[in-house]
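Chains as they are written, first to last, in the working numbering: chain A, 1 to 321; chain B, 1 to 256.
Don't take every hint at face value.
Computed list of chain B residues with no C-beta within reach of chain A, every gap over 10 angstroms [stated by the list, open to error]:
1) 7
2) 26
3) 45
4) 78
5) 165
6) 234
The following label-pair restraints were derived from C-beta to C-beta distances [stated by the list, open to error]:
7) 317/A <-> 176/B: 47 to 53 angstroms
8) 123/B <-> 317/A: 18 to 24 angstroms
9) 175/B <-> 137/A: 39 to 45 angstroms
10) 232/A <-> 175/B: 29 to 35 angstroms
No wet-lab data here; the hints were simulated from the structure.
Just so we're clear, the structure is a prediction, and the values are computed from it rather than from any experiment.
For glycine and all other residues, C-beta sits at the position ideal for the given N, C-alpha and C.
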Amino acid sequence: MLDAQLEPYSRLRENLAKRDRSLREKVMSLEEAASFVQNGMKVGIGGSTMSRTPMAMIWELVRQRREHLSCSRCITSTDGDILFGSGISDHIITSWFAQGILWGLSKVMRHHIETQGKRYDEWSHMAVGMRFRAGGMGVPFLPIRSMLGSDVMAQRPEAKAIDCPFTGEKLLLVPALNPDVALIHVQRCDAYGNAQIDGLQFMDIDLAMAANSVILTTERIVSNDQIRRAPDQTKIPFFCVDAVVEVPYGSAPHECYGLYEPMMKHMSAYVAQVNSDPIEGMQAYLDKYFHAPKSWNEYLALIGMEELLDASQKGRSIYND
Amino acid sequence: MTEPVRHTASEILAILASRQLTDGQVVFAGIGTPLLAATLAQRLRAPGLTILFEGGVVGAFVEPGKLPPSTNDQRCTKRANMVLGSADVLLLLQRGYVDVGFMGGAQIDQFGNLNSSYIGDPAAPKTRLPGTGGGNDISSLTNMIVAMKHEKRRFVEKVDFITSPGFLRGGTSRAESGLPSGGMFRVITELAVFGFDGESRRMKVLALNPGVSREEVQDNTGFKLVFDEKIAVTEPPTEHELTTLRMLDPERLFTA
Chain A
1 MLDAQLEPYS
11 RLRENLAKRD
21 RSLREKVMSL
31 EEAASFVQNG
41 MKVGIGGSTM
51 SRTPMAMIWE
61 LVRQRREHLS
71 CSRCITSTDG
81 DILFGSGISD
91 HIITSWFAQG
101 ILWGLSKVMR
111 HHIETQGKRY
121 DEWSHMAVGM
131 RFRAGGMGVP
141 FLPIRSMLGS
151 DVMAQRPEAK
161 AIDCPFTGEK
171 LLLVPALNPD
181 VALIHVQRCD
191 AYGNAQIDGL
201 QFMDIDLAMA
211 ANSVILTTER
221 IVSNDQIRRA
231 PDQTKIPFFC
241 VDAVVEVPYG
251 SAPHECYGLY
261 EPMMKHMSAY
271 VAQVNSDPIE
281 GMQAYLDKYF
291 HAPKSWNEYL
301 ALIGMEELLD
311 ASQKGRSIYN
321 D
Chain B
1 MTEPVRHTAS
11 EILAILASRQ
21 LTDGQVVFAG
31 IGTPLLAATL
41 AQRLRAPGLT
51 ILFEGGVVGA
61 FVEPGKLPPS
71 TNDQRCTKRA
81 NMVLGSADVL
91 LLLQRGYVDV
101 GFMGGAQIDQ
111 FGNLNSSYIG
121 DPAAPKTRLP
131 GTGGGNDISS
141 LTNMIVAMKH
151 EKRRFVEKVD
161 FITSPGFLRG
171 GTSRAESGLP
181 SGGMFRVITE
191 LAVFGFDGES
201 RRMKVLALNP
211 GVSREEVQDN
221 TGFKLVFDEK
231 IAVTEPPTEH
241 ELTTLRMLDP
251 ERLFTA
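With the hints as extra help, turn the sequences into a complete structure.
What follows is the structure in structure tokens.
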């Protein structure tokens, strides 16, 4: 299974022609939205590192025990551990994979790569972005000038080095990446899926355009009137979006720009637990935080009021002078 | 004689690295020592230094005591000039807007190639490392400064895997591989400051850190270093540099 098996352009167009692109309400629960993600699908994950991670949607997919998801994200943090550790994914396409620079190497990632045969396909950060962009542009590839000469390139026969037909220079063509479904978390959107993103947008716009369907989780649902008062803030148009789920603190324990910073006590405790025992430690974490809670709010309660408030105070301070 | 100022190895890394940046430059900085050193340079002698982060930040001005845990966190954007998509900020490198890239390193070789992907055979790795992030893009597309710990196992003749290209196999091999611009400019360690020979592209000692001998540098390096006849000795960190650095990182996130 080469991930560069491109979606034929005709199929991309057919898929889009079949999607209901009318201005319609699509608010649903996490449970319902999860039905857009089927076993074996290519799943694009929005945000980057510890920022605007669609954690609530990942949480739901773990609870529903999806299998064999092939996931892509520009930079992977503890979400990658959880995708591998829970067994829902055995293939991750990314540029960087550890919990965070403060904690060194991820023992969970190492365990699953070094001894379990799971795949981490490494691309440069820009290459991941250009793959989503090509997907969003409806072209099979884009040329880049990085990765050339490196072993990162040598390891990725899916990318093709060519001599430019105009200049004769060496260029690397990176193949389009069109996920079956994208999971994206935003600060606010309306019931139709017009999504407004504050702060860093990462690769989310290209990802939304590239994917064959998009599940949007949002800190809050606002009225369409409110969206229309500031259309310049809308980064993803409603017709890209298939499901809207309102999930306050939907990136916890990661951050959501302007609302909360990463919950660092929880993160550090998590890292200590799973890095000391990537099998049992991870299972205990998943049992406690992913499978036992009856709801996302119960999960947040386990992280704890003090952590949430502290993260919120820091998150909002970005707007302080 | 004044008493030398006491400092840790990571503090001297940050301070010496910050001295490599000049006012008016556009620098693309990675997390950790690079972010800290670029911010230090901005505070001490280069107020017009423009700092870019791969999360999509143009013109960062990081707050003292609020260092971001990655270059993708909201703290990176505080008082910045602009935020962009991550691919777009990396494309600024490709277009040529960036004077210098600035990263840490796990393993480096005599031609300045960096490995942050695998220890051992990549087909059956002893250790899978985190990978390139934006490192490959930065080092492919601009002039690089690398700040890293100096150990024999990190300074090797040939890296196990070229994650971020330096001068590849030396000579003109970098340009021939499709990388006509950029290349390794400086490597900063707690022992010395290195450049690269103009022709062979081998790593070369430019200056020794105070109190460090040639033998000490060579003994901690896994390949034969080039030494010029006259080697400078770097000025030790000043009190002002250290106090400013400690003001920026009071929790010692990146200077432990």
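Report task. Enumerate the violated hints, using their earlier numbering and listing them in ascending order. Result -> The structure conflicts with hints 4, 5, 8, 9 and 10, although it agrees with all the remaining ones.
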